[in-house]
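Protein chains: 2
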Amino acid sequence: MSDMVKVALDAMGGDNAPKEIVKGAVEAIQTEKKIKVYLVGKEDAIRRELSAYQYPEDQVEIVHASEVIETAEPPVNAIRNKKDSSIVKGLNLVKAGECDAFVSAGSSGAVLVGGQVIVGRSKGVERPPLAPLIPTEKGASLLIDCGANVDARPSHLLQFAKMGSIYMENIMGVKNPRVAIVNIGAEEEKGNALVKETFPLLKECKDINFIGSIEARDIPAGQADVIVCEAFVGNVILKLYEGVGATLIKKVKAGMMTSLRSKIGALLVKPALKQTLKAFDLEEYGGAPLLGLRGLVVKTHGSSKAVEVKNTILQCMTFKEQDIIGKIRTSMAAAKDGE
Amino acid sequence: MSDMVKVALDAMGGDNAPKEIVKGAVEAIQTEKKIKVYLVGKEDAIRRELSAYQYPEDQVEIVHASEVIETAEPPVNAIRNKKDSSIVKGLNLVKAGECDAFVSAGSSGAVLVGGQVIVGRSKGVERPPLAPLIPTEKGASLLIDCGANVDARPSHLLQFAKMGSIYMENIMGVKNPRVAIVNIGAEEEKGNALVKETFPLLKECKDINFIGSIEARDIPAGQADVIVCEAFVGNVILKLYEGVGATLIKKVKAGMMTSLRSKIGALLVKPALKQTLKAFDLEEYGGAPLLGLRGLVVKTHGSSKAVEVKNTILQCMTFKEQDIIGKIRTSMAAAKDGE
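So the protein lines, in turn, are chains A and B.
Numbering of the first sequence is given in our numbering, commencing with residue 7 and proceeding in unit increments.
Numbering of the second sequence is given in our numbering, commencing with residue 7 and proceeding in unit increments.
The set of hints was computed from the structure by calculation and includes no laboratory data.
Model, not experiment: these values are computed from the prediction.
All clues stand as given, with none of them false.
Any copy will do: because identical chains look the same in the list, a pair fits if it lies in one copy or spans two.
Subject to a maximum C-alpha distance of 16 Å in a straight line, what follows is the list of computed EDC-like cross-link-like pairs (lysine to aspartate or glutamate):
| # | residue 1 | residue 2 |
| --- | --- | --- |
| 1 | K259 | E143 |
| 2 | K202 | D157 |
| 3 | K12 | E67 |
| 4 | K256 | D224 |
Same shape as in the complex, but just chain A (with noise of 0.2 Å):
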């Protein structure tokens, strides 16, 4: 068992819990031999959805919770007050270093917080960055940081730039990864105050392959791998990226609805189109990890599916056998004791 990657699950969280989630951790133990999944919430309801499958019981163990976060409970206090919540529990499950990993759809805010609070920040990390794969033409880069963490200090751009590169070196397979830095000009002296203090610290850092500014209209053109910015300019980067392309594709399907022609069109087009489509929805990219702490957190969009919650337990496995904690924790304590 020693070998094995224990994943906590939050089954409550979300809006397709528990019957998606418990349907994802399902098919994820299907797939793979060496993954424990720790369904943690209300017992009956678990053992409901479980019941309509076929899969290997001892890769599945039930954490009862008796209550639920809901996404617009305050997260501090929802943290400190519901101890017998699917997401405390399933915290402390890290904490205790009885799971690797944590997954949740439920409350971000909560997630986060708790996070920090019961897992708690590896030594030297000033603040641990969500971090969210976003599609490219090219692939998938990082978008670092999109938490809740607003009014970010250069030192912590600096620290997500590091985090980010170990990520998609060692998750991703990309070879010293791009990193970058959102602004609103390629040039160096453009720039707010927060980036034109990061700017150099980034030029300086050794640990990172550093090329410069990225404007926003060249994200989706995949430039850089790792994209550095404070979490209110990644959450807004994050959400307009849904936004538009929902929209964007709505009006392409009403476009091909406006004439027979295009309708007889439509039908031949779209199992391409599809395809195509799919690989630029973010909700195919899995969860998005909470860097930096002493275990690792991940959560995934509160709409999740079976195959986001499927293919977020498959990436923990990745986590561990890379070791991103250690390297993680090896990088911030070298950059502090250099200090």
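For chain A, the structure is supplied; the task is to place chain B on it using the hints.
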């Protein structure tokens, strides 16, 4: 001549100057008798372009300018040193009251700096915002500010909200336009320091119809008419709109070329699709005004073609007829007196 709308046009600005700029000017005066265009730039080049067209000659005047400000030049120096450039000469025509508006597809920085330094701010205006229209599912929204004034203060954002409302109500005919502030969640307690400080100012302001926060995801759906944000975030939104749109359309096209079946379908949907996507093309919406100056200054895309130049010139007429300058002056001065 007194009720003519006189527009100074930078004939040398942008990627397609002078050809497309001059063409746009000709198309504008062919459409509208009440417009006179002052083509500012190298006389020889302008005459050569003009010679290709038939047009009412009394609606065009050439103002020779021997210099051109390049996009890469530091704006402040360029404005100071190139007194005989098309941008400086054009802005001076507005300052002197000889023209009602200046339109340029040239260096954004030079137009923004020159607008403030040469034309000057209207009384009470702390910062003139650059405010482009962006396409949405329902039509268009005003994104304010996308300019070069990063690190804004709450009082600036309050002024942006007021100026944006005046624009949308009087130019776009939106009654009681909905104003929202870009935020990372819908709840009032969310946001960075700037948003948290600005939120109550917007809520208390009686001159606007403030509907609260807007997440970037909801911008393309058209959930607000005036989208208030500081310039760094505004620039990221504007550029990402372009970037995600361009990448998705490229993907859709590539997807249609993957099989014989889809290629035939593509031929059938093409005309309808082209028409629909046109409505989502930023360039269809003309230039972005720099609001809050003593005269009208409009920045069009660097890649402007004749149609954008023409539309922008025609918009200048509405801007004058609706006396936007006067309305902004009254609103800003009233707020200052009330302090």
